[in-house]
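*Asks:* Make the full structure from the sequences, and use the hints.
One line per chain: the protein sequences are U and D, in this order. Positions in the first sequence are counted from 1; adding 5 to them yields our numbering. Positions in the second sequence are counted from 1; adding 5 to them yields our numbering.
For the record, the hints were derived by calculation from the structure and aren't laboratory data. Certain hints may be false.
What the hints assert, rightly or not - Going by beta-carbon spacing under 8 angstroms, a handful of chain U positions derived as facing chain D:
#1 Pro43
#2 Val44
#3 Glu50
#4 Glu66
Glycine is no exception: its CB is placed at the ideal position from the N, C-alpha and C atoms.
This is what each chain is made of:
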Amino acid sequence: MSKNISSLYSKKVMEHFSHPRNMGTIKNPSGRGRVGNPVCGDLMELQIKVEKKAGKEYIKEAKFQTFGCGAAIATSSMLTDMIVGKDLKELKKISNQTIVESLDGLPPVKQHCSVLAEEALVKAIADYKKKVKQ
Amino acid sequence: MKVYLDYSATSPVKNEVKKALLPFLENNFGNPSSIHSWGQVARTAVEKARTQVAEFLNSKPEEIIFTSGGTEADNLAVRGISNWSAKGKFQISNSKPHIITSAIEHYAILRTCEYLEKNNLAEITYLKPNKEGLITKEQVKKAVKKNTVLASVIYVNNEIGVIQPIREIGKMIEKENEKRENKIYFHTDAVQAAEYLPMNVDFLHVDLLTISGHKIGAPKGIGALYFRKDVPLRKIIFGGEQEMNLRAGTENVAGIVALGKATEVLRDKKYEIRAEKTLKLRDYFIDRVLKEISEVELNGSRQSRSPNNANFYFKYVEGESILLSLDLVGIAASSGSACTSLSLKPSHVLMATYNNAERSHGSIRFTLGEKTTKEEIDYTITNLKTIIKRLREISPLGVK
Ligand code: FES
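*Replies:* Printed below as a string of structure tokens:
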């Protein structure tokens, strides 16, 4: 019996689930996005620290906290991995699809979990922009 | 270490049962409806099994129908009676037959009732459990109407393990029936009760009762419905005239033999003795988890609870991620979380009992079996502590 629940998920998903990157919170974050998943009722909070360098704004730090299934935790972790070091313009290219692809896919019932990560990112950036304007 | 704590999902086939059934896959392969010797060997085996099941339930052999499992037996009980009554007096008096059931039934009952309701074939009352997950006889009594033909209440709930007061409800219905023109029949789904609780149908005062093979050491694909002689059951599967013309289809001989044997094995010991070891382990498990992990609650009544069921609500964490983590260390359990179900809906049992989606989210069911050891429970607790702590660190909920 080598099969188990974890074989529902790709190796990468299990990797991120077992050893999530950038978990936790940031002191005085530049932006935060807290979103709930209307499908199953899960929750994710993303916090980002934005810094300006050579006229560009880029993500210096990203942290997440997630209450959800294995796929939700893995996509949150992957998202933070993908955005750190990127400038805000580049972030437009990140969608739930690109996150899922970087994780080598998710089972069909679990596709919706990745939407949480995308929405959290959009919300965190909007929050940052709002704060900058003030 | 590999620890299986999902016995309510299914159990391994017991050795003596396997030995009894194997010849019926090999030399004794006959069809019980054939008149030659192959057929007669199979026929004799089927009837012997019927007697074994009947003895286990303290009924008569002709009151046992073999089915493809618990789900079919439940379907037969509910639709078999509503079919009869819809053709009878209720059609004339222009009212539908009324069925009383609970909101925490197995889907085999619930979905069948919903089907009848949607198609205007019956009127259904779904009783809500109290905060312990219990249905009371008073609730059932209050729900009784003139056109009530059936009450169906699950004996042991498959998720939270709550034991319902079947005997009390049965006695109350018997009393009601004395003053009624049309009788109310009483059914219980006893699939999760057979291993550890009294199964004497006279003691329980039930008219119909469902059992399933694979929860008691027989294979999947076999079950039985007990129905008291005077129950006006109508068939729901059409074809040949097997099973006293109440269930068409060539008998699953090996499965039937296995179910007969499994009930005989259970009958060897009194149920209190069968339950003793499991009950002790369960209490040890529950006590330790409640004491050693913070913000945990037990789902379902502590007192009126199946000896093999422990179902916990771990606050601030989600069930699928717990199951996944348990699986990584070789422990099998199950969850009421929306994220573990294909429909992405939280458990209807937990929702009906607690009306709290978050509670369903963080609930895990452990069900013990005859082979469960103290070492396995210790190993599970040790791992559970680490897993819950880690997932709570990841979670945005709760105090940090
Ligand atoms: S977040 Fe609920 S199913 Fe993935």
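*Asks:* Hints first: check each against the structure and report whether it holds.
*Replies:* Verification of the supplied hints:
no.	hint	result
1	Pro43	violated (10 angstroms)
2	Val44	holds (5 angstroms)
3	Glu50	holds (4 angstroms)
4	Glu66	violated (17 angstroms)
In terms of the numbered hints stated before, the structure departs from hints 1, 4, listed from lowest to highest.
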